[in-house]
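Position one of the sequence shown corresponds to residue 748 (the numbering used here), numbered consecutively onward.
For the record, the hints were derived by calculation from the structure and aren't laboratory data.
All C-beta atoms in this analysis are idealised placements derived from N, C-alpha and C, irrespective of residue type, glycine included.
A few of these clues could be false.
Claimed, not checked - Computed Cβ-Cβ distance ranges for the label pairs, DEER-style:
id, residue 1, residue 2, range
1, Asn1206, Asn1278, 24 to 34 angstroms
2, Pro1061, Tyr814, 37 to 47 angstroms
3, Asn1229, Gly836, 16 to 26 angstroms
4, Pro1168, Asp1001, 16 to 26 angstroms
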Amino acid sequence: MSTNLQHDPLMPFKPRNPNHATRSTLFKKLYTICLILISTGCFAQQHFDIILKNGKIIDGAGNPWFYGDIGIVKDKIVSIGDLSKNKAGKTIDASGLIIAPGFIDVHTHIEGDEKKTPTADNFIYDGVTTVITGNCGSSNINIAKYFKFLDSLKLSVNVASLIGHNDVREAVLGKAAITPNDAQLQKMQAIVEQAMRDGAVGFSTGLIYTPGLYSKTPEVVALAKAAAKYHGVYTSHMRNETDKIFDAIAEAIDIGRQANIPVEISHFKVGLPNWNCSTEMIAMVEKARQEGLDVTVDQYPYTASSTTLNVLLPDWLQDGGHDSVLKRLNNPLIHQKVVAEMITDMKRRTREHFDYAVVAHCDGDPSINGKSIMQINLAKGRPSTIPDEIETILDITKIGGASMVFHGLNEADVENILRYPLSMVASDSGIRLFGSGVPHPRGYGSNARVLAYYVREKNVIRMEDAIRKMTSLPAQKFHLTNRGLLQPGMFADIVIFDAGTVKDQSTFEHPHAYSTGFKYVLVNGNITVDNFKHTGTRKGVILHGPGYQQNN
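Build the full structure now, drawing on both the sequences and the hints.
Quick look at the structure:
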């Protein structure tokens, strides 16, 4: 007789003979004993590599904080709850501290900095465990080669990359102000598609920089479509962030609509003469979303921007690159035309001086680092007039240009954009070489500044909302799977910080200062900051986009 009893042990069972009854009773007793043993902890408890205990857990989704422990095995979170009876190779007491997902910086420019500072201290000390580079149209065009380089070098942060329009365009068309023909456009599309297959997370533009500023909307749409085939994101440093801001936003949204691709508007902000217009800007984003377009934004939490000095020059002057610029400036008639156009531009911006424009770094003359164009002009013995300050700008251009900090934003707009639920926190920074130049402080303190100044001091947004902007929102937007949340199964990118003391220490006058308050930072389960000190651990990995095809 067969004794194979196929039934649910939790369902009532009517035995057909006494033997079956005996077996059923025995099974029920054993089952009850097992439940008792499990409930009393008599079975061996799971052993973790790391337990984070007694912290205020903010999961990254915007949910309220709760007290709990987190168990980590290798590079993953495996348990969240009361783990007081479990053992671990290392236990970190997070009493009085916040435990949150590692921050994801969606707008960085680390290319060229990796070998100089592979420990990425400025990011790690600001709680950043993942960066997305290749923004503003500038990237490596061979993404596979770049990722191979990063994989061999090893950084302390995880890295994802976009494929940049300017470099793609230059590879095919050079720096010339021309429109591609069909064959040239197809070559550009092929580069974008290959980058997406190699793991890029999307396609970026920098439409105020050469040669991207010479492109027309249809060209950008065609390349965005190439990225859309592989579920990428379109990110844009728009054509204008001052007097023509609304036209620029409309173009970015239209590109997303035509290419059927999610849009991320980079460093969302507005300068003169459109201060206090951020509500109307946000309304344009919301209107697009109501139409079914996935549009979001990111910002750095400061009232100054930072980019190259060249953005002050007329677009046409830059056609062909630096040598062409020098040749044109040496022509007196062209030189006069440049000055006249720059004077008109200053009037349109309602500016009386270039005192708002400060040199961050000038290879040609490091002595001017940290000084405004107005100050440099006066030091040259020139009158304090716009035409003379323009001559000073052109002098700096001739010696190779400079990176700049522009104090041109409005605090009310910064706060208004930060309140917008679909804005993310970003630095727009590379890996800082400590002590070099006088860079924008955003490279050291963007996240800490939000937590300290806008959450703790000004109560502009809640802590849980700020963390969401730094974690799950960017992870969702850029398809960074299994990151950005504190949940079992997610990668153990984690920050532990003191909400009462976390602070950005970097200032415009003295930018080279790391943020404080982050007691522990874990990257893929590896302790990278231990008791406020960077351990030197370099366990960051490459994060590929959804179009990634291995061995393609």
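List of violated hint numbers, smallest to largest: 2
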